[in-house]
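Please construct the entire structure, taking both the sequences and the accompanying hints into account.
So the sequence lines, in the order shown, correspond to chains A and B. Quick note on our numbering: the first sequence kicks off at 1 and runs consecutively. Quick note on our numbering: the second sequence kicks off at 117 and runs consecutively.
One thing to keep in mind: the hints can contain errors.
[What the hints assert, rightly or not] In silico PhoX-like cross-links for lysine-lysine, where the CA-CA straight-line distance does not exceed 20 Å:
1. A/Lys41 <-> B/Lys226
2. A/Lys20 <-> A/Lys55
3. B/Lys173 <-> B/Lys187
4. A/Lys20 <-> A/Lys64
5. B/Lys158 <-> A/Lys41
6. B/Lys226 <-> B/Lys131
7. B/Lys121 <-> A/Lys41
8. B/Lys184 <-> B/Lys121
9. B/Lys226 <-> B/Lys158
[As the list claims (entries may be wrong)] Take a look, some chain A residues computed to stay more than 10 Å from chain B by CB distance:
10. His7
11. Glu22
12. Leu68
[What the hints assert, rightly or not] A few chain A residues that face chain B, going by a derived Cβ cut-off under 8 Å, partial list only:
13. Phe34
14. Thr49
15. Ile93
16. Arg97
17. Gln99
18. Tyr102
19. Asn103
20. Gln105
Bear in mind the hints are in silico, worked out from the structure with no lab data behind them. The C-beta atom is built at its ideal place from N, Cα and C for all residues, glycine as well.
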Amino acid sequence: GAVVSQHPSWVICKSGTSVKIECRSLDFQATTMFWYRQFPKQSLMLMATSNEGSKATYEQGVEKDKFLINHASLTLSTLTVTSAHPEDSSFYICSARDQLSYNEQFFGPGTRLTVL
Amino acid sequence: QQQVKQSPQSLIVQKGGISIINCAYENTAFDYFPWYQQFPGKGPALLIAIRPDVSEKKEGRFTISFNKSAKQFSLHIMDSQPGDSATYFCAASTSSGTYKYIFGTGTRLKVLA
Chain A
1 GAVVSQHPSW VICKSGTSVK IECRSLDFQA TTMFWYRQFP KQSLMLMATS NEGSKATYEQ
61 GVEKDKFLIN HASLTLSTLT VTSAHPEDSS FYICSARDQL SYNEQFFGPG TRLTVL
Chain B
117 QQQVKQSPQS LIVQKGGISI INCAYENTAF DYFPWYQQFP GKGPALLIAI RPDVSEKKEG
177 RFTISFNKSA KQFSLHIMDS QPGDSATYFC AASTSSGTYK YIFGTGTRLK VLA
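In structure tokens:
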């Protein structure tokens with residue numbers, strides 16, 4: 001089956017620093033990647049959608065300058081949380097789809113971000 | 117119109133029982149309805165998915181029932197096991213544009229041994 005990895009699996013940083021999270025499709029070419037945020041005991045909230053080589057499309061209310069998304073290749077997308085603050089602490093999950101999978105998204109294992 | 121309403125919020129079932137989770141949507145353009153299972157600290161994993169051209173789909177102990185006219189679909193877990201204890205999310209998407217998912221609010225299932 002299609003596998004999506006994320007790195008790191010968890011990260012702790014100080015307030016004001018930037019953190020980069022990588023999302024990789026290991027055995028398929030991801031034409032579209034999605035970034036979600038999930039708070040404890042809540043649902044997944046879509047932050048943005050990115051297509052390879054194009055600028056990401058952000059959902060309403062998501063700060064583009066704070067959450068920088070780059071989808072430079074068909075197997076890699078990165079999410080950079082800039083100037084992180086404690087309220088940015090959350091579980092970040094990416095997913096990916098390819099042209100053959102139509103609607104189906106394959107999810108990564110998630111990254112736990114804690115900002116002190 | 118983009119919402120997917122999911123119920124119940126939590127569910128406790130005895131081992132061997134049937135777990136039933138329901139979802140409802142408004143947007144008739146949705147044509148793909150997956151169910152995901154998520155364990156604490158893990159990413160969601162696809163359980164089963166259905167399209168509106170069928171009313172039911174079964175994979176092992178998991179069955180989706182789909183009612184197009186009512187705009188509702190449900191997940192049935194037969195012979196529920198303690199290992200099924202997890203959070204379940206329904207979702208809906210369209211087969212055009214970004215294919216993005218609209219997720220339900222989630223159901224925390226606990227299966228008692």
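Verification of the supplied hints:
no., hint, in the structure
1, A/Lys41 <-> B/Lys226, "holds, 14 Å"
2, A/Lys20 <-> A/Lys55, "holds, 17 Å"
3, B/Lys173 <-> B/Lys187, "holds, 16 Å"
4, A/Lys20 <-> A/Lys64, "holds, 15 Å"
5, B/Lys158 <-> A/Lys41, "holds, 13 Å"
6, B/Lys226 <-> B/Lys131, "holds, 9 Å"
7, B/Lys121 <-> A/Lys41, "holds, 16 Å"
8, B/Lys184 <-> B/Lys121, "holds, 15 Å"
9, B/Lys226 <-> B/Lys158, "holds, 17 Å"
10, His7, "holds, 13 Å"
11, Glu22, "holds, 14 Å"
12, Leu68, "holds, 19 Å"
13, Phe34, "holds, 7 Å"
14, Thr49, "holds, 5 Å"
15, Ile93, "holds, 5 Å"
16, Arg97, "holds, 6 Å"
17, Gln99, "violated, 10 Å"
18, Tyr102, "holds, 6 Å"
19, Asn103, "holds, 4 Å"
20, Gln105, "holds, 6 Å"
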